[in-house]
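Protein chains in written order, with the numbering used here: chain A, 1 to 121; chain B, 1001 to 1149.
Hints listed in this document are in silico derivations from the structure and should not be mistaken for laboratory results. Idealized CB from N, CA, C, for every residue including glycine. Incorrect hints may appear among the rest.
Rough simulated footprint, nothing fancy, chain B against chain A, three-plus residues with beta-carbon under 8 Å [what the hints assert, rightly or not]:
| id | segment |
| --- | --- |
| 1 | 20-33 |
| 2 | 45-59 |
| 3 | 62-68 |
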Amino acid sequence: MNETKIGGRLLHLVPMILFVLVFVVCCGTLAGLFVRSADVSARAGQKNQAVQLCRNQAERFRAGEEMPGSPVSFAGGEITVAVSREDCPAGKMLHAEITAISEDGNILYTLNAARYVLDGR
Amino acid sequence: MKKDRSSLLLLLLYGVLIAALLILAAAGAKLYSHVLAARQVHSHQRLALSYVQSQAAGFSGDRVILAEGPEGTMLCLKEADGTFETRIYYYAGSLRTEFCPVERACNPEGSQRICDLESFELTREGNLLRIVTDCGESVICCYGGAAHE
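Chain B extracted, bound-state conformation (with noise of 0.2 Å):
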């Protein structure tokens, strides 16, 4: 009888050993999956926004024309020489560049992916670009004013 209780009570003392390396398993995944997600969010925060900010802040104003890309409005930044651009538009889940000449029709099978991102949206206000993604949004300072095609 003795014996038994020992053995029930040595049964419920694994039990709860097993449920707390359990607990604290499904915690461990889920905080590192939060993390990740969070990760993600921050790397493609940094690489859309940061890549266009970084890309526009290069031209001036009246070479950063916002056009009709394949799907919403892209932004096209002029060489000075006026014959080549690089455009930078949202097209099938994510953000895509390609640098070619003005008149040539967009490529979006042929262009590089910067990163997935659930939307992508530009705006002008002024002398302001504004990109409004699912990360978050940026604004970039384009002298002289930004134009619209």
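Extracted from the complex, chain A is given alone in its bound form (with noise of 0.2 Å):
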């Protein structure tokens, strides 16, 4: 009479159990999702910056400003820039390499640039 009793309990605890249950799992997958998000976000903004600073190296590469020898941090990784030349009849052509790398080392971003230098100049 009394396991009847406990059973009868038990059976009417289980759509209460499974409920919880289910809202836990929501609860879980909605706040991966955040967090998914929040980490797409910051990654498009380090994207974004590293994006602009190659741009800007590049655009002081075309100036003729002498390029930095050892890698250029910014707030998430650095900008390394590679320089090779190539001698043309009449001077040299330059072609840089700008990569901007991440703290964890995946390349974010890589941007080539040339520039023609006369002999003389």
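Put the two chains together into one complex; each comes in its own frame, and the hints tell you how they fit.
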């Protein structure tokens, strides 16, 4: 008699427990979505900044400024510039590969710029 | 007595669930507003800086001129024949542009609005034109050196 009573009460609790479980799963999914959304937004901001900084560095290179020998840091990563020379009949062609690398080592953006320099300049 | 206790527990459970829902909704709203604000900043950055960058890229240094605008420095990009120019300047909290004859005075009310900004500054450093806005900074290489009126 007692066992039947306990079984009946437990059976009564099953919808409630199911409801709580579904609720917890939904909350967890939503929280996960929020965290992922914040992460995507942060990465978009980082990439946006990297693109702008690379473009700025490319413009400086085109203007004839000396490129930094060591990586330049920015919030969330650093920018490296690799300059190579190619001899041409009346001067030389300078190529710069400007790369933005995140703190965890991923390449965020790469930009190639070139400048022609006449001999004697 | 037992019924009262179970009712109280049920009430407590509903309270916890409602509190969790409220916290989740508040977190979601806060995150959404944060994402929107960040998106707006990035959008303005791309609009303002890239717009000026792409406009100035097509002009040689002697046709890129900094002049006094309605509110601060104005960028003037002169056409090849020297009769018309594209003006980019800051006015009443927004970046504006107008294409008009060189001799005509600025007409901010009739200009085209690019985007809203809190600040817009232009400076020249040799061949480099520097743009500083509240959204970021950008430099543009002007071959032949930028002029200043």
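#### Entry: Structure versus earlier hints, numbers of those that do not hold, lowest first
Failing hints: none at all.
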